[in-house]
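With the hints as extra help, turn the sequences into a complete structure.
Here is how the chains run, residue by residue.
2 protein chains.
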Amino acid sequence: MYIDQPIRHFLDKLASESPEPGGGSVAALTGALGAGLVSMVASLTMGKEKYKDVQLQIEALFKESEKLRNEMQALIQKDTEAYGALSEVYKMPKNTDAEKAARTVKLQEALKKACQVPFEIGLTSLEVAKLSERAADIGNVAAVSDAGVAVLLAQACAQSAALNVKININSIKDQAFNNETWTRMQDVLNQVAALEKSVMATTYRKMG
Amino acid sequence: MYIDQPIRHFLDKLASESPEPGGGSVAALTGALGAGLVSMVASLTMGKEKYKDVQLQIEALFKESEKLRNEMQALIQKDTEAYGALSEVYKMPKNTDAEKAARTVKLQEALKKACQVPFEIGLTSLEVAKLSERAADIGNVAAVSDAGVAVLLAQACAQSAALNVKININSIKDQAFNNETWTRMQDVLNQVAALEKSVMATTYRKMG
Numbered sequence: 001m002y003i004d005q006p007i008r009h010f011l012d013k014l015a016s017e018s019p020e021p022g023g024g025s026v027a028a029l030t031g032a033l034g035a036g037l038v039s040m041v042a043s044l045t046m047g048k049e050k051y052k053d054v055q056l057q058i059e060a061l062f063k064e065s066e067k068l069r070n071e072m073q074a075l076i077q078k079d080t081e082a083y084g085a086l087s088e089v090y091k092m093p094k095n096t097d098a099e100k101a102a103r104t105v106k107l108q109e110a111l112k113k114a115c116q117v118p119f120e121i122g123l124t125s126l127e128v129a130k131l132s133e134r135a136a137d138i139g140n141v142a143a144v145s146d147a148g149v150a151v152l153l154a155q156a157c158a159q160s161a162a163l164n165v166k167i168n169i170n171s172i173k174d175q176a177f178n179n180e181t182w183t184r185m186q187d188v189l190n191q192v193a194a195l196e197k198s199v200m201a202t203t204y205r206k207m208g
Numbered sequence: 001m002y003i004d005q006p007i008r009h010f011l012d013k014l015a016s017e018s019p020e021p022g023g024g025s026v027a028a029l030t031g032a033l034g035a036g037l038v039s040m041v042a043s044l045t046m047g048k049e050k051y052k053d054v055q056l057q058i059e060a061l062f063k064e065s066e067k068l069r070n071e072m073q074a075l076i077q078k079d080t081e082a083y084g085a086l087s088e089v090y091k092m093p094k095n096t097d098a099e100k101a102a103r104t105v106k107l108q109e110a111l112k113k114a115c116q117v118p119f120e121i122g123l124t125s126l127e128v129a130k131l132s133e134r135a136a137d138i139g140n141v142a143a144v145s146d147a148g149v150a151v152l153l154a155q156a157c158a159q160s161a162a163l164n165v166k167i168n169i170n171s172i173k174d175q176a177f178n179n180e181t182w183t184r185m186q187d188v189l190n191q192v193a194a195l196e197k198s199v200m201a202t203t204y205r206k207m208g
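These protein sequences, in sequence, are chains A and B.
For the first sequence, the positions run 1 to 208 when the numbering used here is used.
For the second sequence, the positions run 1 to 208 when the numbering used here is used.
It cannot be assumed that every hint is accurate.
Pairs of lysine to any residue residues, derived as SDA-like cross-links and limited to a Cα-Cα distance of at most 25 Å, are as follows [said to hold, decoys possible]:
id	chain 1	residue 1	chain 2	residue 2
1	A	Lys67	B	Glu17
2	B	Lys13	A	Glu133
3	A	Lys197	A	Leu123
4	A	Lys13	B	Ala60
5	B	Lys48	B	Ala142
6	A	Lys13	B	Lys130
7	B	Lys197	A	Asn170
8	A	Lys48	B	Leu86
9	A	Lys13	B	Lys13
10	A	Lys78	B	Pro6
11	A	Lys13	B	Lys50
Residues of chain A placed beyond 10 Å of chain B at every Cβ, according to the derived structure [what the hints assert, rightly or not]:
id	residue
12	Tyr51
13	Leu56
14	Glu71
15	Trp182
16	Asn190
17	Ala201
Think of the hints as simulated: they come from the structure by calculation, not from any bench.
Note that beta-carbon positions come from the ideal geometry of N, C-alpha and C, so glycine has one too.
Right, here's the structure in full:
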């Protein structure tokens, strides 16, 4: 698993001609960093006398951000696996009509799976953005810039996920699937953009 | 060095109450991921017959993006070190007037150094954004979404760097330094925002 290997290994392989890890895995890692920053803000607020009135909410926030971080960490690998499965299907023979038909069916299935992963990354990034708002609102003010960085990463994650949804959609023939997926993805992008605006305003205001 | 340790270690420590790694290191890692994606687009274009007319430019692009990736990788650590040095100064005694005066001098020096690192991360992110534009313009069209993700990460990096510049500026008494640094930082943010807009437009257009 990439996550158990050195950061340098991930970056070196990313920069190489190896098609994976690619933009989808990077989006998930970016989202994991955002969730990690929310957890950090919560960690720096827990047990602090000055924040005794919000301890229950902060503990809940920490649990939720750690859950999202775990999901994002799993999605780094899931994106690579879906891409690998798709690459295998592209190698299927297409000499006869029967082979072509079988390949088309498998390809459409693999494309939908490969599309599903960045879509899930996008949905998860919206949850990270929501938590960054709570971190900026009730978390340790000395760490408010970290809540700000968290929402910036959530937004970069969402927009990167959208690009990776779009690539797959372009090859998927099921228009109902495409329309529904893209409409929901746009809705996620709009919600994340609104959160980014509001959390950044809070962050700069609290930094003074 | 964080970069030689597993991704999981970085994320676990980020989420903890340990103040480092913090938003500055995360900004640098985000920038390194962006530079790595530019290198990937270049790698996937090198030696391809279809792109034979741009081979020289692509090789130059790869060299430049790898240089920026190395710089960003070094900045991950540099931010942590500057933060560590600052934390040490905060622990200096302040019982007597002489101690207070000595501490203030050291503190102002350490704050400027801690401010310099995210500022450098911001400047480097602008270079990454410029390269992502070239990657989107002349790189393998099959990897154009990766050029798009690169510019999104460059922007998140620049904005995150700005937040970390701002925190330090708030405690720095040298107003001339603060004004110059913040004005230049704003200029970087404006340039990166313009590049993000244009590279995203190119990416969506080329994806079809």
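Straight-line alpha-carbon gap Lys13 (chain B) to Glu133 (chain A), limit 25 Å: holds (22 Å)
Pair hint outcome, Lys13 (chain A) versus Lys130 (chain B) [Cα-Cα no greater than 25 Å]: Holds, at roughly 22 Å.
Minimum C-beta separation from Leu56 (chain A) to chain B exceeding 10 Å: can you confirm that? Label holds. Min Cβ-Cβ 18 Å, cutoff 10 Å.
Confirm or reject: Tyr51 (chain A) is not an interface residue toward chain B, with every Cβ-Cβ distance exceeding 10 Å. Check passes; 13 Å lies beyond 10 Å.
For the pair supplied as a hint, Lys13 (chain A) and Lys13 (chain B), confirm whether the alpha-carbon distance does not exceed 25 Å. holds (23 Å)
Can you confirm whether the C-alpha distance between Lys197 (chain B) and Asn170 (chain A) stays at or below 25 Å? holds (22 Å)
The output says Ala201 (chain A) does not contact chain B. Does that hold with a beta carbon cutoff of 10 Å? Given a closest Cβ separation of 12 Å, the condition holds.
Just double-check Asn190 (chain A) for me: nearest Cβ-Cβ distance to chain B has to come out over 10 Å. holds (15 Å)
Between Lys67 (chain A) and Glu17 (chain B), does the CA-CA distance stay at or below 25 Å? Given pair Lys67 (chain A), Glu17 (chain B) holds - Cα atoms ~17 Å apart, limit 25 Å.
Is the hinted pair Lys78 (chain A) and Pro6 (chain B) satisfied, with a Cα-Cα distance of at most 25 Å? Holds, because 18 Å separates the two Cα atoms, which is no more than 25 Å.
Within a Cα-Cα threshold of 25 Å, do Lys48 (chain A) and Leu86 (chain B) meet the stated pairing? holds (22 Å)
Between the alpha carbons of Lys13 (chain A) and Lys50 (chain B), is the straight-line distance 25 Å or under? Satisfied, since the Cα-Cα distance of roughly 24 Å is no more than 25 Å.
Hint compliance for this structure: no hint is broken.
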